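Chains V and U are the protein sequences, given in the same order. Under this note's numbering, the letters of the first sequence match residues 1 to 637, in that order. Under this note's numbering, the letters of the second sequence match residues 1 to 257, in that order.
Be aware that one or more of the hints could be misleading.
Beta-carbon label-pair distances, calculated as ranges [as the list claims (entries may be wrong)]:
#1 8(U) <-> 483(V): 39 to 47 Å
#2 351(V) <-> 22(U): 42 to 50 Å
#3 10(U) <-> 319(V): 53 to 61 Å
#4 351(V) <-> 201(U): 57 to 65 Å
#5 27(U) <-> 530(V): 37 to 45 Å
#6 137(U) <-> 351(V): 47 to 55 Å
#7 141(V) <-> 76(U): 45 to 53 Å
Footprint (simulated), chain V over chain U, 3 or more residues, beta carbon under 8 Å [said to hold, decoys possible]:
#8 32-39
#9 62-69
#10 109-121
#11 135-149
#12 186-196
#13 216-225
#14 238-246
Since the hints were derived computationally from the structure, they do not count as laboratory data. Remember, it's a predicted structure, so these values are computed and weren't measured experimentally. Beta carbons: idealized from backbone N, C-alpha and C, even for Gly.
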Amino acid sequence: MALDAKIPAGPLADKWDNHLAHCRLVAPANRRRYELIVVGAGLAGASAAASLAELGYRVKVFCLQDSPRRGHSIAAQGGINAAKNYCNDGDSVFRLFHDTIKGGDFRAREANVYRLAQLSNRIIDHCVAQGVPFAREYGGGLANRSFGGAQVSRTFYARGQTGQQLLLGAHGALLRQVKLGNVTLHPRSEMLDLVVVDGRAKGIITRNLISGRLERHAAHAVVLATGGYGNAYFLSTNAMASNVTAAFRAYKKGAWFANPCFVQIHPTCIPVHGVGQSKLTLMSESLRNDGRVWVPKKPGDRRPPAEIPEAERDYYLEEKYPSFGNLVPRDVASRNAKEQCDRFKGVGETGLAVYLDFSDASRRLGKTAIVKKYGNLFEMYEKITGVDPTVEPMQISPAVHYTMGGLWVDYNLMTTVPGLFALGEANFSDHGANRLGASALMQGLADGYFILPPTIGAYLAETGPDRPDPGAAAFAEAEAAGTARVAQLLSTRGKRTVDDFHRELGLVLWDRCGMSRSEAGLTEALSRVAEIRTEFWQNVLVPGRGEELNQSLERAGRVADYLEFAELLIADALARRESCGCHFREESQSEENEAKRDDARFAHVAAWEYASDATPPRRHEEPLTFTAVAPSRRSYK
Amino acid sequence: MSRAITLTLKVWRQAGPEQPGRFETHQVGPVSTDLSFLEMLDVLNEELTLAGGEPVAFDHDCREGICGMCGAVVNGHPHGPEPGTTLCQLHLRHFNDHDTIVIEPFRARAFPIVKDLVVDRSSLDAVLIAGGYISVNTGAAPEANAIAVPVRRAEQALDAAQCIGCGACVAACPNASAMLFAGAKVSHLALLPQGAPERASRATRMVAAMDQMGFGNCTNVGECAAACPKQISLANIARLNREFLRTAFRGEEDGEG
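Isolated chain U, as found in the complex (with noise of 0.2 Å):
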């Protein structure tokens, strides 16, 4: 049944990449508890909007946990406590009548904070144009079913491709590495028989991408996977690794089997 709580929020504010940042204190509610977080922010900002201030800026889109636009610290958790939550699909249920809430930015080398809760992710697309896909020109591809994929292969592959591209990988890690997100494309397509042909080159053009956008490298802590709302497994970092050390010994050209 729905509740209505109250809240005290504690919002990162910053007006620009260069400015100085700073937390800023506001009540919300009573609110209901169907709403969800981004829709309690919704709240917030309608009443800032209207008592003369400025909107706390957020991304969002979807807000169905699918397009990977949002996201936030949440009382120290990348899009909140809710395990496989996306904070648009987070909802006040979880929380407590006069709880307080610290929101904040993702917060990492490759993601400049643009403004308030807004960061910049271009550097993740920057490591799948090194090589997250497959190289097929429309009308080159052979009938679709020429191509025996065995269920558990595909059901793997999909469990890895489900990424949202969201970042809460980065966020969560204390090196903000982006092996998970890597990990995550290079295993989708290793995965498949359609991806061999470049498997040899994939993972060490997308590994030296992470390098040059400045994201971390990965010491196995894990907080990734905890932090992951599409829940995916570390074993895509281990995959990434193999597929990685497999170019360094036996070399680029060697692109079969």
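Excised from the complex, chain V in its bound form (with noise of 0.2 Å):
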């Protein structure tokens, strides 16, 4: 099979109208013939079912939380991109289109990334009219701050908490379909396995969270919206349930995984504080906004940050990216952090933090205004470090945030299994190898909203309303397999905890598979993975019954997946023999220590399809063609 991105033809700017005009239709009348399955509901998740069930669609919609309102979109901090140009400084469709590309290291679709723009402003104003309340001038109208990667003011923003308030919008307009009777919700389920019957996807087995029952629901197509994999890396700013499972499982049933190793490290995250960690914290990227980064200038500094003149302070941001200054894009932020702790400048007890100031902005701008503006930032931090930063600096440290790689899909939002479709994080779509601040909410409100119900309905048209049948062999297979790995969990009665492995599997990853990777590393990552794998399976102490809630149970099918998964993640950092935005190889660096690209090879999507357990997957190319924009090497300085 070619991999076949089904990009319509027409100018750039033009595409996307061009494919709503001639994408076939459902008659309003027949849609209520269709049952969909939405996993998920985050935003991506909740957006797109609800804006499917308006339309007369039958919606179900599965989450692993007891409430679809708690998706892990709901911790996005900082805020949601749009093209309003409301500051007139400046802003364009184009120059977000190209901001996002150009962010994204050239490693992204263009025709995606320029929907994605258009649709951008939409967005704002449907989330006003559902009563998102977003910061506002004093003349009523809406404010904007800027954020890393773009020097214009584009960000649209609700204090510390937009995801939260963008999430509340999409979990009403949800509940206000349960109301009319046209989503059904499924809380406190976990999907187990993709059911696909003569090669389309027409439904799921999920695991009941409560009873433990196993249950088969068919639909005549199944959505994706499960996020990402930063939780592989066990210590991440994920949720703590975030997980790969459903994608994965997808991929075993026939969908194509794009670009695992393009992994997000977040610059701006609170430092590790010992053993006992079970997530990080981020701090949004609005900060540095106002925030300046430094460490000391002499190696090996330990003196409290107040003690230090400002003539021996390293403002190594502003220094190096005179024009970007403490704004430059995430990647490019923290491997800087980390080349600042390997030359034991770093800060904290570890040695492995950086400090972000705020006392400059405090002096020039009062320190209520700063407050004001990041209030619930700093009490967050304080909460958790006991420091306040408007009398000592904050200090931060790189953290896994976002998984730029997903599902492989076509413009439709399709995966290589039709019927099945992936939105927001859980696929690859529009951020390359970097994702700028603002525009994973943008992203997933995108998919949801305003793509997926014209494609989705296009795939329907086609294929017609047949029932699927919960009966089919497809779902009893699948059922049977599900069952069969849950007593498998439960039978070994090993040593080690599920965590255990978990943290172990994490610090591989975050050594070989971090914000710095080579071909030795990798290769060794591989063998270690593949021996922590080997170990869990016959080794793994899982607690009580499969027929009740059992969260140790739950954590270890994760586990059991991220375990597989992993090395996927390594053999696509391992193929990718360049350094492109997130994705950092050793052997790839100018002399200057800057990443390296190498268009001539690797100006390609990497998709990989699932072969068996015994033979490696196999990897297929899609070619990135640029014609609005030249891939240039990119340069914040």
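Make the complex out of the two chains shown on their own, each in a separate frame, by following the hints.
So, in structure tokens, the structure goes:
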């Protein structure tokens, strides 16, 4: 099978409109004959489910938590981009497109990213109509701030809780459809497998997390909006339950997985405190608008920050990147922090942090203004660390945050399994090798509100409303496989806990497949992961039973999938012998240690096809061509 | 600076909704005071698992105080004794060596216990389903800046909209009322011009849903606001009452103004 991204013909700016004009439609009266499954209820899932139900389709929504309001989009802090140009600072659809493509280091599709920029404005319109309380100017209009990788202010925000407010907007829209009878909610459900009948996605197998029962759900199409796989690293800014299982199961059923090695490491997180740490907390990138990043000039300088005079501080981002300064993209900021720490200039107990200092901004704008702008982030920092960032500079450190890789999808957001769609962080489509700040919310909502409704309609119009049958053999087989796997996890009764294995896997990935990657390190990581996986299946200890709420069992299933998925992640990192965006291969760097891209050999999407448990996956390439922007060496100097 | 402390935990254990529950006592530690409360429960669960026991079931997800999934009553306080703090953001530096900590699930008729510290809060979504939204279909919105909202209104709306739906207000209330939860949503939407067209029916429908789900009545005790991890103000209950009465006097047809 060759990859066909199904990019519509015509000029870049007209592609989406042309496509819409020619998409097949399902008539309003016929839509109720179609049942759709949406897995995940974050921004992408909730917005898709609500919009599809508004059109008249019957939708089933599945999520892990007790309520669909809790998807991890809720934790997004800083904001959402749109090309409104309300600030009159020269923004446009083209500029947002250009910044996003460049920010992704020219490893995303032009057509997708252009469409994203075009739709950005309608997202803001819709969210405002839903009652999302965005920040306002005194005249009553919407306020904007700037974010990394851009020289305009195009980010809309609601204090430091933009994701929460957008998600509650989508959640409200979803609940309205529950009331109208178009959506059925299935909270506390975990998708264990995808069911494919005659080559098309026709349903899923879920585990009811309260009763432990496996259930079959049939539908005309399946939508995965199940987020990213950052928790493969054990410590990340993801929620504890975020996992790769749904996407990985789909991969094993024929959906190709694209660019798994593209893992974003966010520069501004609260540093690790020690053993027992369960997750890392992000401090919004918006803080870099007013916070200045620095380390002591002298390696090994352990004086408290107040005792280090101005002349002995190294504001390395401002020095090295004068035009973007502290607002360079995340990959650049993270790599530079690591570089400083590798030179023993890191601060804090572990020497793995750098300072983010608000004292200059406080002097310039007044402490009250700064606290008003970032108050809830400062409070959060103080709660976790016990230090007031208005008194002492914040300590920040890079952490795994977002995964640009994901299920390969065409322009219609359909995977290589017909009838299976992937949205939001679960797909790979728009961010290339590095995502810009405030773009994830934009993409999740563009996918759910505006892109999927017409494209899934076209698929349904073509396939017709024949009722899928949950009694089909494929359902029975998938359910039996799920039951057997649960039984195997419970029967091992070994000596090590699930978390213990997960932590070990995370350390291998962080050390060998994190901010800096090499042939030797990655090769070693591959064999380490294989060893951990073998031991896992011989020595894991999962207490309790299958027919009850069993949180250890839930985690065990997810970690088992991470242990397989990690090999794919590492294999992809090995095969991509260039540096681009987040992916820094030590073998491919310039004399000033900047990432060196290799467009001649790697200007493509790598999509991995599952073969079997015994044979390695096959790597396919989707070439990327650029017509509107010339891939340049990314410079933020 | 971090210290290492040892704690005695009295944890509520209950196998299922219909099973009898009881307190179980465990020692945990020494653990670092840098750990969060939930990380301390992780440590306990790892020890219980390795000793052949069954770990304590508790809800949690984002662990940064925003998803609203976590919550338990700690020493009589929902989310523990620190004001404005979810359980996941409560750190052990607020406890002393050899403290005894009592941990129970949120208790309310509308929140049946599922297992140990896990309760079923779907009744909260049922209240929102009754009317906690603005009815606008995707695609139907006007240009965003066509609707001007004064800064103060927008800020007040956001103050109310911060609710994370954790249910601590219900657990803290002697009547197990959800008035603060419902009041926050009604306020958020009533303060914005976009919410005006459905204003007249929203409060009555949500109040009816609260009654139906088994939440109690509000008697102005104020424990809800004291326990709220997002410090949602009692003024939101006053606004809910006002919205409710407004419709009682003027009828559902009178949506504007």
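Hints broken by the structure, by number, lowest first? Violated hints: 13, 14; rest satisfied.
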